[in-house]
Structures are given as C-alpha cells and as structure tokens.
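*Asks:* Given the structure of chain A, go ahead and fit chain B onto it with the hints provided.
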Amino acid sequence: MQQRPWRQVPAWLRWTLPLLLLAQLTWHGLASSPAAGSAPLASAPPAAGLRAVDLGEHTALSKLLMLWLQARDGNAAWGALDYGRLLTWLQTILDLDPRAQYSLMAAARIYTFVPDSSRQRLMLDWIYQEFPRDPARRWPWMVHAAIVAKHRLGDLPLALKYSQTISDISGKWAIPGWARQMHIFLLQDAGDNAGAAVALRALLESGTVSNPVEKRFLEDELGKMRERNTGDAGS
Amino acid sequence: MAEKIHAIAWYTLLENLRSRTLYGVALLLLLALCGAQFLSALAIIETREFQTAFLGVLLRGSAVVLLSLAVVTGMARELTEKRLELVLACALGRGHYLAGKFLGYGWLALLVAGLLALPLWFYAPSLQVSIWLLSLCCELLLVVGLALVCVLSLGHTVMAMLAVFACYVLARSMHALQLLGQALPADGDAASPALLSSLLDLIAFFLPGLDYFAVTDWLVYHTAGAASLTPVLLQTLIYIPLLAAAALFDLHRRNF
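Protein sequences, first through last, are from chains A and B.
Quick note on the numbering used here: the first sequence kicks off at 1 and runs consecutively.
Quick note on the numbering used here: the second sequence kicks off at 1 and runs consecutively.
Excised from the complex, chain A in its bound form:
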C-alpha cells in the first residue's frame, strides 16, 4: 500500500498530535500509581460461582487468584488483614484447584508470620482441616503446621495433635518415615517417655519401616526410651 509523504498531513495536525501525546503522558505522570491492598479485603465468592464464569479454566483461575491475593497483601501489613476473609479466599482458591499446593504453603509459611497467635491458629487449623482430603500431597504443610505450633506458638499439645494426625493417616499414603515418626519425638519433648515408647513400638511392629538403617536407629531409640522409663520408675 502506497502512502503519501508526511508533509501532506496538514500542519496543524502535525503539531496537534505530539501535543496531545504530551498531554496524555503528563496526565499519566501526574496520576497516582495503583496501590495494592488499599481497600479492605472482601470475602471470597464461592468456588461454585467462579467455576460458572471461568470457562472451565478452574486451575488457571485458581493460580491467578493466588497471585492476586499474594500481590494484594504484599504491600499491606499482615496485622491489618482480616484473616477470616483471607481464609475464604484461600479456601476458594484450593477448591478451584485441589491439587495445587500454593494456598496451603501460603497459609503455613507466609500468613503464620503474623505476630498474633489467634491468627496463626486460624491458618494452622485450616491446614489441619484440609490435610485429610489429600494427605499424599498436603503432608508437608501439616508437618510445617506442627513445627509452627511447637516453636512459634509454643503449644506442644497442638503440635502433638497435628503430628498424631499425620501418623494416623499415613498408613495408606506415601508419606516419609520422618513425618510419620514426628509425633513420637514430640511425645518425648512433652516428657511422655512411656507414650513415646508405646508409639515407637507400635510403629516398628506395624512393619511400615523397611529401611534397615532406619529400623536399627528406631530400635536403638526404643531401647534408650525403655532405659529412661526404667530409670524414672526406679527414682
């Protein structure tokens, strides 16, 4: 397609166009940049509603929502976040894509950094509720929840409850031995040597520990526990 030379354009237009462009650039430069998290977080719509409008792209929508949530609260102090509403978003995101790990990871590793034990417990409790629905994929976050409960909250009974859940549910799922044995060592930490010995013996008798090195280590530990129990009973 042949074009006429630019000199053919009327002179007023040759000047007006760059001026208008300059006006747009000035306007944009003066306008404030968008701020994430400026408005309070609203409750999430139910996953069923979002499924109706995402054209079948539940996985992609879940991932985009997670990034939006992450970017949204990235600039805001977590202390100012409404954790009840945050939880509705995490739940919706997980419901849209139940195989994804991101929302559980965010609950376990990001949102528990808030210096408020009630909010931390809200996140841990959500992980505890969601864990049995897919233990094979979600066990790392349950383990992390137990660690947070013990070390950050200082709530050993809660950590024991979480680790016990992993141990109880692990028989049917491919969960590593160290995660399954976690509650035994937490029982020891809680001073319940007798309980720890019973749990360890049950584990060894269940036949789920197949690695000979691991088995020998656990048998040694059981021996030490029994010695300690005998010593405690003697004193």
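Hints are computed from structural coordinates only; laboratory data are not their basis.
Hints may be right or wrong, so weigh each one.
To be verified - The following label-pair restraints were derived from C-beta to C-beta distances:
#1 A:211 <-> B:223: 30 to 38 Å
#2 A:208 <-> B:206: 48 to 56 Å
#3 A:13 <-> B:241: 51 to 59 Å
#4 A:173 <-> B:238: 36 to 44 Å
Heads up, the beta-carbon is just placed ideally off N, CA and C, and yes, glycines get one too.
*Replies:* Frame of chain A, contents of chain B only:
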C-alpha cells in the same frame, strides 16, 4: 470437483496468510512468553505449573479469537464484495464452495494451533502437549464451523462475532451452569429453580461439550491419557457435520 474444492481452500488459506495472520501469531507467542516469565518471577512455588496454566489458557483463548475473527471477517468480505456470487456463477455447487471454505479455514486452524502450541513443548511432557494440541485442533475446527454458520446466517460481522463468542462462552460454561442450576435452593415457588435447571439442561443438549477440550489440567498435572481424547473426537465427529449441514442449509436458502 475435488480440485475446485482444494483451489478454494488453498486461496482461503493464502488470503489469510497474506493478511499477516502469522505476524499476529508471532506477536501472541511473544506476549505469552513474556507473561509466563513475569508470572515465574511472582510465584514462590509451583512456578512451572503457573507458567503452563497461563500459557495454556492464553494461547487457547487467543487461537479461538483469532480463528473466529479470520472466518467471520473473511466470509463477511466475501459476501459484501459479491465474491461469493462470482464463484457460484461458475460450474460449482454451493456445497462444494462451503467445503472449500471449511477446508481452507480448517488448514488455517491446524496451522495456528500448531504454532501457538510451540512454547508448551518446553513446559509440559510431550505426550500431554500432543493430546492437548490434538484436542485444541478439534476445538478450533468446531469454532471454524460455528463461525461459518453464524456469518452465513447473520451476514453481519458484529452480530456474527457476538453470536460466535456467546455460543463459545456458553458451551465452555454449560457444565458449571448446570451444576449451579441443580444447586438452586427450592423456595416456596418451587417451579422456577426446577424450570431453570431443565432449561439449562435443554440448552446443553444443543451445544458442543467444550469442557472436555484442551483441558489445562492435562498440561499442569499431566492427567491426560488416550481415553481423554475419546469424548473430544466423538464430539468433533458429531458436531462438525452438524455445523456443516446447518451452514449449507442456510447457504442453500440464500437468494443472490
């Protein structure tokens, strides 16, 4: 007659290639790859999954928009410039003309699908991408058929585009809408939720089950197998002849 059909198909493809469609595809690929890199910088874990899901959705959506635009604008031009009448003045049946057009746009659909799927080979296993690509080709062929029906029956670019997108969105969302319809609470006036649910079920009978096609989970979680293609191929085999028959029906009724 096969030669004439192939000639129409070839010139349809050539017209689209010369209207810089491939530049558009290249631009889309570039934008998609930049977007995927941007997402990888944002995600803390599951980076590959985020990138793959984004690419899958964006590339499929782009392919659908590009193909519908190509078919609707191309055919609308054919109608307004009286090229269709010129072709039909030759010793050529309306069915052959339509077959040639469908074949030409079908080749374009396969070419666009193949090019747009290129980056996915780096993000997902080959088998999964192959199944996804085959499914995308079937989906795009359905879109071509749908666009031909809409433009031949409505004859107007804007209306035809709206009809194509409305049908596509409805077909993609129908499964979720049906589930929502079933979950409607039964109030005192119990007839309306049941009626709405039945209406949705009725509409679903007439639409292609596009929710089986090019599922992003195949690319992200590698869940596709040979069985995933069965409903896709069956639906394509049933719906494309239906669309072709509808377009032909309309073309035969058209008075020039």
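*Asks:* Are the hints correct? Go through all of them and say.
*Replies:* So, going through the hints one by one against the coordinates:
no.: 1; hint: A:211 <-> B:223: 30 to 38 Å; in the structure: holds (31 Å)
no.: 2; hint: A:208 <-> B:206: 48 to 56 Å; in the structure: holds (54 Å)
no.: 3; hint: A:13 <-> B:241: 51 to 59 Å; in the structure: holds (54 Å)
no.: 4; hint: A:173 <-> B:238: 36 to 44 Å; in the structure: holds (41 Å)
The structure agrees with every numbered hint stated previously.
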